[in-house]
Amino acid sequence: MEYYVLQDFLTFTKGTVYLLMGAGLVAFVIWWNFLFSREPENHKNVK
Amino acid sequence: MLRRTFLGLLGATAAGLAAGKPAAAAANTHFGGYPDAKGVLFDGTRCIGCRKCEGKCNEVNELKAPEKPFDDLTVLDEKRRTNQYAYTVVNKYEVEGAGSVFRKIQCNHCMEPACASACFVSAFKKEPSGAVSYNESVCVGCRYCMVACPFYVPAYSYDDPITPKVIKCTLCDPLIASGKRTIPGCVEACPKEALVYGKRDELLKIANERIHRNPDRYVDHIYGETEMGGTNWLYLSGVPFDEIGLDTHLGTTPAPKFTKGALGAVAMVVGIWPVLLGGIYGVTKVTRNEATKARMDAVADAIATTKAEDAATLKSAMDKAAADKAATVEREVKKALAEAAKAQEAAEGEEG
Amino acid sequence: MNTTEYKWITPFNIIAGIILAFGVVATVMRFGFGLSAVTNLDDNNPWGIWISFDLLCGVALAAGGYVTTSAIYLFGYKKYQAAVRPALLTAFLGYAFVVVALHFDVGRPWRLPYPLFVSQGPTSVLFEIGLCVFLYLTVLFIEFTPAAFEWLGMKKARNIVHKATIALTIMGVVLSTMHQSSLGALYLIVPSKVHPLWYSDYLPVFFFVSSTVAGLSMVIFEGSISHKFIHEKMSDEYLGIHDTFVFSFARAASFVLLAYFVIKVIGVAADNNWHYLATGYGSWFLVEMLGFVLLPCMLYGIAAREKNMALAKWTSLLAVLGIVVNRFNVSLVAFNYKLDSADRYFPSFWEIVVSVFVVTLLILTFRWISRRMAIFSEHPDFQGDH
Ligand code: SF4
Ligand code: SF4
Ligand code: SF4
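Residue numbers (my numbering), protein chains in the order written: chain R, 1 to 47; chain E, 1001 to 1352; chain G, 2001 to 2386.
Keep in mind that a hint or two might mislead.
Said to hold, decoys possible - Output of the computed footprint for chain E on chain G, the stretches with three or more beta carbons under 8 Å from beta carbons of chain E: (1) 2066-2080; (2) 2120-2130; (3) 2176-2189; (4) 2277-2289.
To be verified - Calculated Cβ distances over 10 Å to all of chain G for the following chain R residues: (5) Glu2; (6) Trp32; (7) Phe34; (8) Ser37; (9) Arg38.
I should point out that these hints are in silico values taken from the structure, not numbers from a laboratory. These numbers were taken from a predicted model, which means no experiment stands behind them. Idealized CB from N, CA, C, for every residue including glycine.
Build the full structure now, drawing on both the sequences and the hints.
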């Protein structure tokens, strides 16, 4: 796919970036849980 | 149809990847526009303000006939802009030393259209033919395209409650593509050949040649060659362009570049904020946990100390009692116990 | 309130009734006869006060949601827990009614889901805003559901949402940063139409930073109004923290306003726009900068130091007004500054009616909910469970 128009190129790249943003957010949540799941006491708020 | 959407582009790229072709040009590639893109050259030194182009445009696009007919030239006394019944208008400018000068305006079919960059449903598309097309079937009517267009071109049918739409010159692209016409209506109608239709590259050559041959007749600039990254509608003039209502301060930056940086920053926010905020949360939580722990230790200490003191007080009271009367003993012990209870209560209160 | 019979005929209700009646008329006109029947919009001025006020100001003033939740859950101000729900409710309703207002403004409101589900325009700043507002409205809704679940007695559902608090808060801040700044970025594409004093590459930063001021100020302002009218529904805990809470927020707002002032001046310097300050637009720019940025910055600071509650509250009103002035300046006063005055826009009576109508609906909904659910208090079954 070759692009002659910057606008089309950006439509493609920005669209891809949006998909990656979504994937990134999901990855953050999963990884956070992985990082802390061995230390349950850290998850509890001490009152 | 699918090509105009992002998902369509994604599919095409995936196909390209599978075929081992480079997926997309690098960010610093120069985008020169479609090689065969067509456009129109308007020559202000030839235009006589007859409004024939307006009339023909109205006819070929089957627009509503205006109140005043197209041969009524008094209309020119007023500065007009494009609207939902006129894809194009001709305005008259009184210029010192040059008399009445006329200038036609319509969509300039930008090489990097601001309207397309702004539209959140990708309703606009730069076509290989050179035209900037508009797809009514997805348009929400947010009118951001009208905000974004630096030339004040797109109009809107505000009086239509059910199917309002954005309205602008099509470069007669649908008519040409379907074979109904070979050149745009306005170009055909012009009696003075003030309009030339052709490939943009060639129009630039023609324009440069005219300037070269008649340097006294023309301002040495082709309006639209570089404005906003270039347009497919080009203008020649014998008087400074700002005197015929063309904004000469638009610069050469194509519109999509103005928002590119901000949209890029947004992606970085998504990438970095969660880590930053998660970190801040972690730090404050650790601090809070430590503070809580320290407080609990202090409370435990306080209770222990109080208890020891209680014992001491009790003992001294007993000692005293040995040398005193029995009644006094009882009273003193009671008092000490009450004090101890109070102190303990206070310590516990602090804890909660 | 529960014991005495509710009185319908109050000055507030009468005014609200009149506004609603006008609003219904405007709605019928708008959807029956098109935008031109009620608005002064034209081809040169496609955006009027429904964008300037309802969208730009509406979203900025609803920033209290992310400001409060992040202060309490992320930045460690746990002791102000009781302030979370009023802020969340205000934010949620704020966004919900922004979306309602947009239905009036766009030509074909039934197509509003198109940018998300039918045809995406990822190069558009407005696409980013639409996506974020949609997602953030969902986040706010989930964040708010515990109050509704408690009211409905659904303990399990409430506890599930409760567990996700931190994730939701971070998500909220991310989305808010994105769309608050993007509202400013909307105007980046038209350097030729916005007066140089208000146009800047930093527009998104300006909008984001000032949105936190708007959020902090709205929480103070809205708190003091609710204090007056929904007092009987407020728990001792809420009332107990209210004062120190207001001063903390006033201090924060004061500091952010100073930062905002500094970056605005940097903006002028970056484009070398000093000479415009001597023009008419320049005077108005100075009024905004001194009267609506520096002045509230000072007043907030004094109020927080001197523990002057009345001053803090009045300053919050001034700061909120300042945000409104700024958004109007960018989107109306500075926009199309090159056009002849005859071609400039001024809102029509009915446009104002619709804006007031939407705000009234918001207030009525807020009142309805806060009188029923545990907003300014803790639900008895969940006391102390944070
Ligand atoms: S002139 Fe305006 S409407 Fe036409 S392509 Fe350029 S930006 Fe779009
Ligand atoms: S009005 Fe229609 S074409 Fe214009 S930006 Fe909005 S959705 Fe796109
Ligand atoms: S190109 Fe076609 S649509 Fe455009 S102004 Fe000329 S006649 Fe009208």
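Results of checking the hints against the structure:
1. For the stretch 2066-2080 of chain G, the proposed coverage by chain E is satisfied: 6 residues have a C-beta within less than 8 Å of a C-beta in that chain, meeting the threshold of three.
2. Remark: the stretch 2120-2130 of chain G is confirmed as covered by chain E, as 10 of its residues place a Cβ nearer than 8 Å to a Cβ of that chain, reaching the required three.
3. Check result for the stretch 2176-2189 of chain G against chain E: holds, 8 residues qualifying (beta carbon to beta carbon below 8 Å, three or more required).
4. Note: the stretch 2277-2289 of chain G has 0 residues with beta-carbon separation from chain E under 8 Å; the three-residue rule is not met and the coverage is violated.
5. The non-interface label for R/Glu2 is consistent with chain G: the shortest C-beta to C-beta separation is roughly 18 Å, beyond 10 Å.
6. The beta carbon of R/Trp32 is not kept farther than 10 Å from every beta carbon of chain G, the shortest such distance being approximately 8 Å.
7. Non-interface call for R/Phe34 relative to chain G: holds, since the shortest CB-CB distance, roughly 14 Å, exceeds 10 Å.
8. No beta-carbon of chain G is positioned within 10 Å of the beta-carbon of R/Ser37; the least distance is around 13 Å.
9. Every CB of chain G is more than 10 Å from the CB of R/Arg38 (nearest about 18 Å), matching its label as outside the interface.
Checked against the numbered hints listed earlier, the structure breaks hints 4, 6; every other hint is satisfied.
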